[in-house]
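S.K.: Sequence:
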Amino acid sequence: MGLHCSDCAYATFTLHEESGLYQGACSRGYTLTNPHVRTSPEDHFAESPDGLVPTVDPFGAEYLRTSNVCERFLLPRDAHGVPHGGHRGRRG
Numbered sequence: 535m536g537l538h539c540s541d542c543a544y545a546t547f548t549l550h551e552e553s554g555l556y557q558g559a560c561s562r563g564y565t566l567t568n569p570h571v572r573t574s575p576e577d578h579f580a581e582s583p584d585g586l587v588p589t590v591d592p593f594g595a596e597y598l599r600t601s602n603v604c605e606r607f608l609l610p611r612d613a614h615g616v617p618h619g620g621h622r623g624r625r626g
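Numbering (my numbering), first residue to last: 535 to 626.
Be aware that a few hints might be false.
[Unchecked claim] Simulated DEER-style distance windows between Cβ atoms:
#1 Glu552 x His614: 32 to 42 Å
#2 His570 x His614: 29 to 39 Å
#3 Ser553 x His614: 15 to 25 Å
In short, the hints are calculated from the structure, not lab data. This structure is a prediction, so every number in the text was calculated from the model and none was measured. Beta carbons are placed, not taken as given, at the ideal position from N, Cα and C, and that holds for glycine.
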């Protein structure tokens with residue numbers, strides 16, 4: 535399966551109760567979107583947190599990923615002193 539932004543210490547996810555879809559944010563500045571949806575703002579939501587990947591880098595440029603995570607990925611267990619806020623909601 536591999537790693538996902540949903541496994542990273544810098545990512546937070548919230549569940550929109552009305553739609554049942556997740557929205558994600560990266561505290562490193564990457565924009566997380568669903569690469570299978572072509573219209574905005576619909577591309578900012580997914581059925582599960584694993585469906586959101588970095589598509590724009592912190593400088594506003596397109597992030598040409600070779601995997602579903604960026605090179606700054608960090609597991610929570612390795613994040614000594616890294617603030618991790620937000621609410622992950624429930625997993626789909």
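S.K.: Output the indices of the hints that this structure fails to meet, ascending.
M.R.: 3
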